[in-house]
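Engineer: Listed here are the chains, written in short residue letters.
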Amino acid sequence: MGRQTPLFALHQELNARMVDFGGWDMPVQYGSQIGEHHAVRRAAGVFDVSHMCVIDLSGARVRPFLQSLLANDVARLKTPGKALYSCMLNEAGGVLDDLIAYYLGEAWFRVVVNAGTRDKDLAWIRNHAGGFSVEVRERSDLAMLAIQGPEARAKAAQLLPPPLADAALALGIFTARQLGDWFVARTGYTGEDGFEIMMPAAAAVPAWRKLNSLGVASCGLGARDTLRLEAGMNLYGNDMDEATHPYESGLAWTVALDPPGRNFIGRAALEEIVSRDSRAKLVGLLLEDRGVLRSHQKVLAPGAGEGEITSGTFSPTLERSIAFARVPAATSERVQVDIRGKLLNARLVKPPFVRNGKSLVT
Amino acid sequence: MSNVPADLKYTKSHEWVRALGDGSVEIGITDHAQHALGDLVFVEVPAAGRTLKANEPCAVVESVKAASDVYAPLAGEVTAGNERLAQEPEMVNSEPYGAGWLMRLKPAAGALSAAGLLSAADYQKLLDAEGD
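Just so you know, the sequences run in chain order H and A. Be aware that the first sequence starts at 1, since it is given in my numbering, and climbs by one per residue. Be aware that the second sequence starts at 1, since it is given in my numbering, and climbs by one per residue.
Worth flagging that the hints you see were computed from the coordinates, not collected in a lab. The beta-carbon is built from N, C-alpha and C at its ideal position, and this holds for glycine as well. There are no misleading hints in this set.
Cβ-Cβ distance ranges computed for the label pairs, FRET-style: (1) L20/A / D338/H: 29 to 39 Å; (2) L20/A / R340/H: 26 to 36 Å; (3) R17/H / G98/A: 21 to 31 Å.
Work out the full structure, taking the sequences as your base and the hints as a guide.
Structural biologist: This is the structure in structure tokens:
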């Protein structure tokens with residue numbers, strides 16, 4: 001029996017199929033996984049992401065603390081409410097986790113980390129926070145719903161009283177705001193517009209029911225995975241982990257080596273890695289033959305060597321199989337993938353595969 | 001509650017076997033199996049002429065989430081694979097006992113009786129024990 005979110009009983013009532021995810025009993029699907037995927041691409045769906053770990057960091061030196069802790073630079077956050085995606089690295093440059101940091105005030109940042117890495121992350125953050133006199137507070141009192149899709153914001157705004165609803169609808173992309181008891185962020189993990197809303201645990205079930213009554217589909221982790229992969233977004237533990245660094249994980253854009261004086265954890269290792277020539281890279285793959293790409297399948301790159309698929313699935317939007325693969329840096333467009341002993345043809349494509357309901361693959 | 005037609009035979013690994021009038025058999029996966037797998041997106045069936053041993057992996061059914069082997073319920077020679085599933089794998093979900101059949105087989109001599117197939121009642125008991 002794993003840990004349960006405040007929505008566990010509702011998932012059961014909705015006949016969700018439950019699976020273990022990072023030690024949590026979570027819904028993988030309610031009915032058709034493909035149906036849930038299309039609901040998000042075409043209208044709106046709601047996900048229970050309460051298993052993710054919300055951490056409030058407070059103290060006068062919280063900004064310099066995060067500049068030391070994270071590979072991306074929170075100096076980029078200049079307007080309260082702005083969010084930043086970053087990796088948290090170990091000294092060797094390996095990825096401890098990926099997270100979102102919200103700048104809420106000079107003495108208050110909020111970070112959201114993955115469920116499966118919660119204990120490790122909290123220990124790491126607490127261990128480094130002491131030197132900056134930063135208080136670390138896990139917000140396990142909050143539930144989190146992700147409402148995603150072209151109709152998501154308009155539907156979710158109906159959960160709020162009018163003045164707050166207007167404020168939520170006015171939020172810019174990758175921006176958040178505390179609205180009454182709720183923390184509303186215009187962020188997500190699907191490649192669609194939408195909100196992620198943190199709210200007191202007791203509010204989660206009524207909010208979910210109201211969303212259902214407004215036509216927002218209940219969606220499980222299965223659809224969340226196909227949506228994020230189409231959207232070109234990494235999954236921690238699959239596409240990167242402590243044994244891989246951001247440059248071989250498609251995450252170079254999240255590493256801020258400027259200014260040179262910012263001495264974040266893992267920096268020295270990354271500088272050494274950058275100074276070397278040959279690197280592996282994480283690429284998108286589109287399967288041209290029939291079949292389904294899966295993680296750990298071998299990729300054969302003519303003249304460059306071998307690689308491995310890190311995440312693979314059937315793309316409901318493209319009706320073809322797509323994947324991320326870690327391959328030698330010299331890999332060119334055409335590769336083959338070993339699926340049960342057969343070599344099938346695939347080609348490299350630049351993620352994302354799908355954004356805002358539209359295929360980006362030609 | 002899964003559909004378990006009374007006129008078919010079953011395996012513990014959730015395949016069904018239908019005796020056709022000409023001595024050959026038709027094989028597919030059960031309603032319980034397709035439901036457990038979820039939306040199927042790719043099905044690979046054996047080519048006609050392939051000789052199968054009992055319990056040999058002979059087909060692959062893939063849902064969005066995972067690939068699963070289908071095992072030959074009995075030994076024999078494949079007379080047809082359901083080619084329609086290449087374009088419409090979802091037929092296995094919507095009509096597991098009809099248009100979603102996987103293959104037809106000419107049983108090897110004595111293979112049908114040697115296969116130890118389950119009756120519908122016994123397969124239902126198996127599902128009950130699994131909590132379906």
